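A.B. asks: Just so you know, the sequences run in chain order A and B.
So that you can map any letter, position 11 of the first sequence is 11 in the numbering used here, and since no number is skipped, the others follow by simple counting.
So that you can map any letter, position 10 of the second sequence is 10 in the numbering used here, and since no number is skipped, the others follow by simple counting.
Careful: at least some of the hints might be erroneous.
[To be verified] Below, simulated PhoX-like cross-link-like pairs (lysine-lysine); rule was C-alpha separation at most 25 Å, straight line:
#1 B:K62 / B:K153
#2 B:K310 / B:K320
#3 B:K153 / B:K95
#4 B:K234 / B:K334
#5 A:K48 / B:K387
#6 B:K157 / A:K85
#7 B:K387 / A:K85
#8 B:K95 / B:K334
#9 A:K161 / B:K153
#10 B:K230 / B:K62
#11 B:K310 / B:K419
#12 B:K310 / B:K334
#13 B:K320 / B:K419
#14 B:K157 / B:K62
#15 A:K161 / B:K157
[Said to hold, decoys possible] Here's a subset of chain A near chain B, in silico, CB distances under 8 Å, partners left out:
#16 D13
#17 P21
#18 A22
#19 T27
#20 S28
#21 D40
#22 E59
#23 S65
#24 S66
#25 R67
#26 E68
#27 R89
#28 N97
#29 T98
#30 R159
Rather than coming from a laboratory, the hints here were simulated on the basis of the structure.
Please read all numbers here as calculations on a predicted model, not as lab measurements.
Backbone N, C-alpha and C fix where the C-beta goes; we use that ideal spot for every residue, glycine too.
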Amino acid sequence: MQFSGTAHRYGRDIDTDVIIPARYLNTSDPAELAAHCLEDLDAAFVGKVSAGDILVAEENFGCGSSREHAPIAIKHAGVSVVIAKSFARIFYRNAINTGLPIMEAPEAVDGIGDGDEVTVDAETGLITNVTTGQSWQAQPFPPFVRDIIEGGGLVEAARAKVGGGAG
Amino acid sequence: MSAIPGKTIAEKIFSAHSGTDAYAGDIVVADVDFVMGQDGTTPLAIRALENMGVEAVFDPAKVAVVMDHSSPSPIEGVSALHTMMREFGKKTGAKVYDVGCGVCHQLIPENGHVVPGDLMVGCDSHTCTYGAVNVFSTGVGSTDGAAAMAAGKLWFKVPDTMKVTYTGELQPGVFSKDLILALAGRIGVDGATYMALEFHGPVIDALSVDARMTISNMAIEVGAKAGLMKADAKTLAWYEGRGDRAPQPVDPDADAVYAEEIVLDASVIGPQVAKPHAVDNVSPIEEVAGTKVAQGFIGTCTNGRLEDLKVAADILRGRKVHPDVRLIIAPASKQILLDAIAAGYIQDLVEAGAVLVTPGCGPCVGTHNGVPSDGENVISTANRNFKGRMGNSNAFIYLGSPATVAASVIEGVITDPRKYFTGGEA
Chain A
1 MQFSGTAHRY GRDIDTDVII PARYLNTSDP AELAAHCLED LDAAFVGKVS
51 AGDILVAEEN FGCGSSREHA PIAIKHAGVS VVIAKSFARI FYRNAINTGL
101 PIMEAPEAVD GIGDGDEVTV DAETGLITNV TTGQSWQAQP FPPFVRDIIE
151 GGGLVEAARA KVGGGAG
Chain B
1 MSAIPGKTIA EKIFSAHSGT DAYAGDIVVA DVDFVMGQDG TTPLAIRALE
51 NMGVEAVFDP AKVAVVMDHS SPSPIEGVSA LHTMMREFGK KTGAKVYDVG
101 CGVCHQLIPE NGHVVPGDLM VGCDSHTCTY GAVNVFSTGV GSTDGAAAMA
151 AGKLWFKVPD TMKVTYTGEL QPGVFSKDLI LALAGRIGVD GATYMALEFH
201 GPVIDALSVD ARMTISNMAI EVGAKAGLMK ADAKTLAWYE GRGDRAPQPV
251 DPDADAVYAE EIVLDASVIG PQVAKPHAVD NVSPIEEVAG TKVAQGFIGT
301 CTNGRLEDLK VAADILRGRK VHPDVRLIIA PASKQILLDA IAAGYIQDLV
351 EAGAVLVTPG CGPCVGTHNG VPSDGENVIS TANRNFKGRM GNSNAFIYLG
401 SPATVAASVI EGVITDPRKY FTGGEA
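Sequences are here, hints too, so could you generate the full structure?
C.D. replies: The following block contains the structure:
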C-alpha cells in the first residue's frame, strides 16, 4: 500500500468542528461532506486538494466531537493519508473504522513543508519527502489495520471476511 | 515478593465488565450496559448496522437515540435524519427521545439508564459526563457505536489514569465550571489524551451531583477518555427513584497506580474564562473583564441544569439584559424546564430579557437557535469555543460559568460575577 501526493500542512489541535462544521451534518453523503472539508480553517483547501494528497498536522489532530463525518470528509476530499504528531483518541479509532489511513510520525511532520511532494509506504512505514530527499521510519500499519483500510472501513472489511452477507 | 497492585476506578470497571484482571494498557473486550446516539451521529450508526446486515439491537432496553443537536429540525435534511431515527426506534424497540426531551447527556443519567459501576458508550464525545456518577462512559464514533448496539460489547484499551485532586474550598461566586477550566488551562487540550481522569478531594465531595457533571463533561476537552468520580451518599440519594437498577459503586483502591497526579488549590481559583478559539486558552476573569459581548448563552450538557438556571435567575432577577445583548437559555431537559418553571426561574430569566429555546443543545453546535454574526463575541456556558463552533467561523466564543454569563449579559461586557456573591453588589 503506497501513497504519494502533495502535502497540505496545518497546525496543532485541528478539531473536528473545523474539519466538518456541524451545520453540514444534515447529510451523511460523503461527497457533500467532502465539499466542506476544513472550510472554517482554510476555505481554499477543497479547491487545492487533489486525489492522493497528504494531510500533515502537528499534535492532537481530530480533537473535539466524536463525529465520524470528520474522517469521512477528509477521505472523500481525496486525502490518501494523514500524518500528524499525535491524534485525539476518538478520531484515531474513527479514522481506522472508516478506512482513512493515519500515521503518528512527529519527526516527519517537522520535516515536511506545505506543498512538498511526499510518499508513504504503509507496509514498511517509510515516509519520504521527495522534495527534500529526507525520509523517516514510522510505525507501519499492523496487518489488521491494513485489511480494514484496504476493505474501505471496518464494516466493509468485516463483511468481506465473512463472505458477503447483506448486499 | 510483590503485592498485587491496587486498581483505579477504570481498571475495576473494565475488570468487572470483561471478566479479566484488567490493568492499564490491557486490551479487553467488555460488555456495555448502555449505548446511546444523538441526531448528528445516529444516522451513520444506523447506516453501519444496515451495512453489517444487522436488523436488531442486542437489547432494546439498553439502547437510546436522542434528537437534541438540531431539534426541532431547522432544515429538511435533518428532518429526514430524524425520521430515520424514529423508524429505527420502531423497528428495534430502542428508546427514542424525540424533539424537546433534552440533551442526551442529561437524559441518560436522569432517567436511570446508567447507574454507578456501569460501562457505557455513546456516539457523542461528551458521553464522559456520567463519570460524575461513577459510570465509565466514553464517546465513540458511529461505527463503534453500531458495533456496540449490535453486539452489546466492544474492544477497549484500558486507560492509564490521571488523578486530579482539588484541595481547599470553593470561594463565593466560583463554580465547578471554573475548576475544570482551570485544569484545562493547566494541562492543555491534549494533557490527558488516551487517559481517564479521576477527580478527588474535599471540593469535589462538597459539590452537588449537578455541579460534578459539569466537571466530568469537560474531561474530553483535555483529551481524556473518561472523567470519573466516586459514588458517595449524594450520588446514591440522587439515584433514588431513577430507574430500577441498583447502583454498584466502584471505589479506587488506596494503592491504585496513577500515571500522573495533579493537585489544584480551589481556594485560589477565581472565575475562569476560556478565550477563542481553544478551551485551554484560559485566563482569570480579571484579564478579559470589559470585553464586549453581543450574545450570552446558558445551557448545554455542561451547564444547562437546574442549579445553573438558579444561579443565573438569582443574578438576573429584577435586572435587565443589556439592550445590545441577546441572552439565550436552553434547559438541558424537559424535566429541568418544568422544575425551573415551578421554581420561578424561567419567569425571572424571561422578564430580565432572556430568550427561551427548546430543551436540547441550543446554539452550542451551530445548527440553529442563535448563530452569532460576523465579528461578534459570545459568552457561553458550553464546553467548546472552537472556531466556527456556533455556526459562524467569524465569531468569537468565550466560555465561563452560568454566573459569569449572567453577570456579563447585564453589563454587555465580560463581568466578574463575584460582586453578586460577596455582599459587594454595586
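A.B. asks: Take the hints in turn and mark each one as holding or not.
C.D. replies: Comparing the hints with the structure gives:
1. Of the pairs offered as hints, the one joining K62 of chain B and K153 of chain B holds, with about 12 Å between alpha carbons and a cut-off of 25 Å not exceeded.
2. For the hint linking K310 of chain B to K320 of chain B, the alpha-carbon distance of about 16 Å falls within 25 Å, and the restraint holds.
3. Of the supplied pair hints, the one linking K153 of chain B and K95 of chain B holds, its CA atoms being roughly 19 Å apart against a limit of 25 Å.
4. Among the hinted pairs, K234 of chain B with K334 of chain B is consistent with the structure: their alpha-carbon atoms are about 23 Å apart, no more than 25 Å.
5. For a cut-off of 25 Å, the pair hint linking K48 of chain A to K387 of chain B stands: about 22 Å separates their Cα positions.
6. Of the pairs offered as hints, the one joining K157 of chain B and K85 of chain A holds, with about 20 Å between alpha carbons and a cut-off of 25 Å not exceeded.
7. Restraint check: the Cα-Cα separation between K387 of chain B and K85 of chain A comes to about 21 Å, which is no more than 25 Å; the hinted pair holds.
8. For the suggested pair K95 of chain B and K334 of chain B, the alpha carbons sit about 16 Å apart, so the restraint of at most 25 Å is met.
9. At roughly 20 Å between alpha-carbon atoms, K161 of chain A and K153 of chain B fall within 25 Å of each other, so this suggested pair holds.
10. A hinted pair counts as satisfied when its Cα atoms are at most 25 Å apart, and K230 of chain B with K62 of chain B qualifies at roughly 23 Å.
11. A threshold of 25 Å between alpha carbons decides the hint, and for K310 of chain B with K419 of chain B the separation of about 17 Å falls inside it, so the pair holds.
12. At most 25 Å may separate the alpha-carbon atoms for a hinted pair to count; K310 of chain B and K334 of chain B meet this at roughly 16 Å.
13. Only pairs whose Cα atoms come within 25 Å are accepted, and K320 of chain B paired with K419 of chain B is accepted, the gap being roughly 16 Å.
14. Straight-line distance between C-alpha atoms of K157 of chain B and K62 of chain B comes to about 22 Å, which keeps the hinted pair within the 25 Å bound.
15. For the hint pairing K161 of chain A with K157 of chain B, the CA-to-CA distance comes to about 24 Å; that is within 25 Å, so the pair holds.
16. Given hint, D13 of chain A at the interface with chain B, holds; its Cβ is 6 Å from that chain's nearest Cβ, closer than 8 Å.
17. Below 8 Å, beta-carbon pairs count as interface contacts, and P21 of chain A has one with chain B at about 5 Å; its hint therefore holds.
18. With a least beta-carbon distance of about 4 Å to chain B, the hint placing A22 of chain A at the interface is held under the 8 Å criterion.
19. The closest approach between the C-beta of T27 of chain A and any C-beta of chain B is roughly 5 Å, which is under the 8 Å cut-off, so the hint is satisfied.
20. Contact between S28 of chain A and chain B, as hinted, is supported at the beta carbon level, the nearest pair being about 5 Å apart and thus within 8 Å.
21. A hinted interface residue such as D40 of chain A counts as satisfied when its beta carbon comes closer than 8 Å to some beta carbon of chain B; here the least separation is about 4 Å, so the hint holds.
22. Contact between E59 of chain A and chain B, as hinted, is supported at the beta carbon level, the nearest pair being about 6 Å apart and thus within 8 Å.
23. Interface restraint check: S65 of chain A against chain B, minimum CB-CB distance 5 Å, threshold 8 Å, status holds.
24. Of the supplied interface hints, the one on S66 of chain A holds, with its beta-carbon coming within about 4 Å of a beta-carbon of chain B, less than 8 Å.
25. Annotation: R67 of chain A was flagged as interfacial toward chain B, and the flag holds, the nearest CB pair being 6 Å apart, inside 8 Å.
26. Nearest Cβ of chain B to the Cβ of E68 of chain A: about 4 Å, under the 8 Å cut. The hint holds.
27. The beta carbon of R89 of chain A comes within 5 Å of a beta carbon in chain B, closer than 8 Å, and the hint placing it at the interface holds.
28. With 8 Å as the threshold, the beta carbon of N97 of chain A comes within range of chain B, its nearest partner Cβ sitting at about 4 Å, so the hint holds.
29. Below 8 Å, beta-carbon pairs count as interface contacts, and T98 of chain A has one with chain B at about 7 Å; its hint therefore holds.
30. Among the interface hints, the one on R159 of chain A holds; its C-beta lies about 7 Å from the nearest C-beta in chain B, closer than the 8 Å criterion.
Of the numbered hints stated above, none is contradicted by the structure.
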